[in-house]
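Asker: Those protein sequence lines, which keep their order, are chains G and D. Residue 153 in the working numbering is what sits at position 153 of the first sequence, and the numbering runs on without skipping anything. Residue 255 in the working numbering is what sits at position 255 of the second sequence, and the numbering runs on without skipping anything.
Calculated from the structure, these hints are not laboratory results. Any given hint might turn out to be false.
Here are some of the chain G residues that sit facing chain D, going by a computed Cβ distance under 8 Å [as the list claims (entries may be wrong)]: (1) D114; (2) I129; (3) I251.
All values derive from a computational prediction rather than experimental measurement. Each residue gets a CB set at the ideal place from its N, CA and C atoms; glycine is no exception.
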Amino acid sequence: MGTLNKLIQNRFAMICIIFLVTVVLTGFFAPWLAPHNPVDVNVKEKLAGISTTYPMGTDQLGRCILSRLLYGIRTTVLIAFITMAATIIIGTLIGGIAGLFRGKIDEIIMRICDIFMSFPSEVMILAIIGMMGPGITNIIIASIIAKWAWYTRMIRSIVIKYTDKNYIQFARVSGFSRWHIFRKHIMPNATGEIAVLATLDIGSVILMISALSFLGLGVQAPTPEWGMMLSEAKNVMIIHPGLMLPPGIAILFVVAAFNFLGDSLQDAYNVKHRKRWR
Amino acid sequence: MKRYIIKRLLSVIPLLIGISFLAFILINLSESDPAEVALRVNEITPTDEAVAQMREELGLDKSFIERYLTWVTSSIKGDFGNSFINNKPVINEIVQALPATLLLALVSFIIIVVISVSASIICTIFEESWIDRTIRGLVFIGEAMPGYWIGLLLMWFFSIKLNLLPTSGMTSWASVILPGVTLALAYISTYVRLLRNNMVQNKSENFVLYAKARGMKKRIILKRIFKNSLQTTITALGMSIPKLIAGTVIVENIFAWPGIGRLSVAAIFNYDYPVIQAYVFLMAVLFVACNLLVDIVTAMLDPRMRKEV
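In isolation and in its complexed conformation, chain D is listed as follows (with noise of 0.2 Å):
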């Protein structure tokens, strides 16, 4: 099992390498010039001295390698730079608005959960009748609909129709319930499809036919059943926390909810490149962490997982 985290921890080495380059990458592929972007956002006039001056001061005027290495390394001690818009450290602003997108994905993480896995279970215990059929049909709708559809239509039924919930912002914790459904409901049709057929492809295994046959009670057998669909779940549920995260952005901009998402669209809107960045590399560097976990967890539940790699 050592061997097998310490293999698998040395081959995330190259991927955040590649990672890191092509973050970098992705600004010196914008067709305008940093320098002149910053000073425009700033409304200075971008003359030629103004340019030049500030092309130093972001240290444009050295070579790409350079520049590139620069980055890395004060992006590892958490440095990315000065946003051009309000020249604050980014990194402040993306800690700053992270808590409000960790609290909104946890909330739909915990709501997709509960939702897809008793759903499951409903479906296979009723396999065919009209209850497994419903929400199969609803599952298949679900993922159809576009997400930011859902939350315009709940926000509409809940906050204006019945004035039952607050529309926008984060202003008491009522707040989190709209987006949190909202984004939710986007993730439980895939895993209850993904959940439903796993545990009704495990009901035809052998060892429910011996469980059944030792004359085991239902509730066991249902467990076993459980049991052994997990591990396709855990799998998904695991790959879908940073998915979550980097979900978050269109609900976060329906909601008005402060957090990377909403941050990151307006950065977007006002050219703010070192916010971009920083933003794309992080996501990045969570999504590869998530996946070496899930990995680690899998083999320990599981041995056979271990030979690859």
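Bound conformation, chain G alone (with noise of 0.2 Å):
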């Protein structure tokens, strides 16, 4: 367990673990702990500043702000982890596939993953979106559509990397099967690997879809999320600027999380060069 140890000690690493860990369990209870309902409109209290009844002040509409801001984990954070565990799941069974078979199948999967990848993400996401409609479901559907040919190629190189082992070659000629081979000795192996992978891209995917609320094309009104009240802290920009700031610094600090973690993990697993240009 020498990667673990190597993450315990490093001391930044683990304060983000811990940071991370505490925002998705606010997350989770943020019916108990939101001092108001995230969506209830008080025109009478709007803009209102600090108080007591409203620790971060309210918005146009005098919602509460602490309220959307915990409110608003669940939407983003939720959506970042369905689209990365879904992305994952279809890559390492397509790139799994690729990676064990070769030949023919792996050659015509790597070519379908050349054309969805000539698509710039932005506007393969842009496209699907404009096709099926804003919403909820179809930013994720647009984003693992973007993603899936990226990862199945990395995990297929990933997979093809084992497959030359000398202990993968001695289970091959001892009569294991593909499904076996993959199962319990490439898989095992190849988890880290693909777990630094997803821990520095969910920051991008966070990312992405507070940038395709803010545009209007993701999260619909009333629901809490963060890209959606920064767009909606634009319109009052120039009375009250205060509002721009919960939604953009809880960004901030939960991407900057995830990434720094991304990057210790990948120092120590010890994977070079795997980081992708975003």
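Both chains are sitting in their own frames, so use the hints and assemble them into the complex.
Answerer: Below is the structure:
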């Protein structure tokens, strides 16, 4: 467990883990923690300052900002997790097939990946949302379609790297099935590397989801979401610029924590040059 | 070299066919009937007759392959059909909006190159000093900051608080500053990180040790390190050009910049399928073209790269 020890010794990485776990738990327990209902409109109290009833003040419709921020974790972080999990599962399945069977199947899968990767991911996502219409489900589907090819490729190369190892060759000669080898010998080794990829990328998924919601293409009102809170803050920027701070800082901290954790994991696993050019 | 270029050019053909097919399929992916949408956005009640007539007009009654072939042949000629909204040719709208986007992308590209090259050189000279650490810290924060948030903060500070620059639109030369900087900031962190790490790595190479042993001047050694680190950067920069143009979507919407990013988002809200389709297709072609160009340039610079493909 050398890699785990390395990670524990990295104090800042541990702080990131504790922070992220706290964020996820806060999102989970948001109904108990939030002082108000995040969609309750109270026009009398609109744009109120910091007070004991409204710890972070209220927005242009008199909704409690702290409550919206806490409920926003549920939307943003949950969507990011779902997207990531689905992408990894698809990438592992298809990449695993390509890496294990090689030959023609591999060739065909790789060419399809080439085509998908020739679209910049931003354009791909816009195209799919353009055709299917804005909404939460559609941004998740769009992100998966935009991302699966890259993951399939990375996971294929990880699988191929292991199939060349002697112990895999030995297992093969001993007559074990491909599926058995994949499950028992390749996956346990590859999981760590795949986890590194996912942690490095989840920050960018969060940024993308909030950007789409900011444009009005993702999460729809009145569901609280950080990117949408920023877009609402933009409209009252002149009279109340302070509204821009809470959602922006929330995104910054969560994404920074994921990125740092990803980098530390990468160091711990000694995986090099896997970072995607964002 | 000639052989390499020809081979590389040929490899693009299947890719282009795939892209055009994908861009075409997307329109068939939508749940709503394009003919009905075309009628609705023009506020015509979609009766069965009207829908049937519109289907014929849009050529939707023909088979899938037939429609694909007509679409591809007319797209090659630059005819992407007419917009559902104002019935003008899509290509005209795109050509009208393109210069604004290109100007924005060019300005940010210059900012990116100037800042990332100088910051990485400073970091390499003063490796592990406070200045290197500060720049790396800023890069780390920059990577985690949402680009549109930076844009809003800049807009608030420079246009509203200080009243120095116009908030939005394209009114004077100063209008390009804020969107240009916002767009550039999103990419600078990536390039500083890439170029700095590359240069620092090259610092411990043997040719540097040899140059030091020969007693060469620091400046000349630095120049050699820089030259050797350029290749990865050129690849990444080349790939960033289409990404920059695609990435203008958010910035153009914040600053009401009249470019193709804004056009495409407006098209999404209006269900204007021909515009979306043309945008997607052109972006993908641009991406492939830049990719090709970068590969050829790197192959020219470094013969070792020619073996692949």
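Asker: Each hint should be assessed against the structure and marked as holding or not.
Answerer: Each hint tested on the structure:
Checking G/D114 against chain D by beta carbon gives a least distance of about 6 Å; that is within 8 Å, so the hint holds. Taking 8 Å as the C-beta contact cut-off toward chain D, the hint placing G/I129 at the interface holds, the least distance being around 6 Å. Using the Cβ-Cβ criterion of 8 Å, the hint placing G/I251 at the interface with chain D is satisfied: the shortest such distance is roughly 5 Å.
Hint violations for this structure: none, all hints satisfied.
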